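A.B. asks: Sequence:
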Amino acid sequence: MGKKRLGRFWRRTLLHFAISLGILAFSLLLGIWGYWHYEHLPLRDAFLNAAMLLGGMGPVKTDLSEPGKVFAGFYALYSGLVVIAITALLLAPGIHHLMHRVHWDDESENS
Numbered sequence: 003m004g005k006k007r008l009g010r011f012w013r014r015t016l017l018h019f020a021i022s023l024g025i026l027a028f029s030l031l032l033g034i035w036g037y038w039h040y041e042h043l044p045l046r047d048a049f050l051n052a053a054m055l056l057g058g059m060g061p062v063k064t065d066l067s068e069p070g071k072v073f074a075g076f077y078a079l080y081s082g083l084v085v086i087a088i089t090a091l092l093l094a095p096g097i098h099h100l101m102h103r104v105h106w107d108d109e110s111e112n113s
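In case it helps, this note's numbering puts the sequence shown at residues 3 to 113.
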């Protein structure tokens, strides 16, 4: 029974990792598109700005147009939420497994 539970744990961990990668890829593509569209940056520079924001380092290019400032502001807020969501997704299987390991039935509650 323990091996079966561990197999489910690793499948769940792999699934959460794949979902996290998908969210990260979508978020990076959204940022690249925004910097390319609103700031007319080359794709390499747009990638750098989006990756730095998602990584928590802040934007590289700071002299932005008005639409670019609005996009960068919303993208920065979105990036913070993505970091929190991905962290939660990656930690969830381990915490779920830990909760099952430390759970016990209290005999006095059943009486």
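Keep in mind the hints are simulated off the structure, nothing from the lab. Here the structure is a predicted model, which means the values were calculated and not measured. Any given hint might turn out to be false.
Said to hold, decoys possible - Derived CB-CB ranges, DEER-like: (1) V85 / G9: 46 to 54 Å; (2) G82 / R103: 28 to 36 Å; (3) P69 / T15: 35 to 43 Å; (4) L92 / P44: 30 to 38 Å.
Yeah, the Cβ is synthetic: ideal placement off N, Cα and C, and Gly gets one too.
A.B. asks: Taking the hints in turn, state whether each one holds.
C.D. replies: Each hint, compared with the structure:
1. V85 / G9: 46 to 54 Å: 30 Å, violated
2. G82 / R103: 28 to 36 Å: With Cβ atoms ~32 Å apart, the hint holds.
3. P69 / T15: 35 to 43 Å: The hinted range 35 to 43 Å holds for P69 and T15, with Cβ atoms some 40 Å apart.
4. L92 / P44: 30 to 38 Å: The hint (30 to 38 Å, Cβ to Cβ) holds, given that L92 and P44 are roughly 32 Å apart.
The structure fails hint 1 only (numbered hints given earlier).
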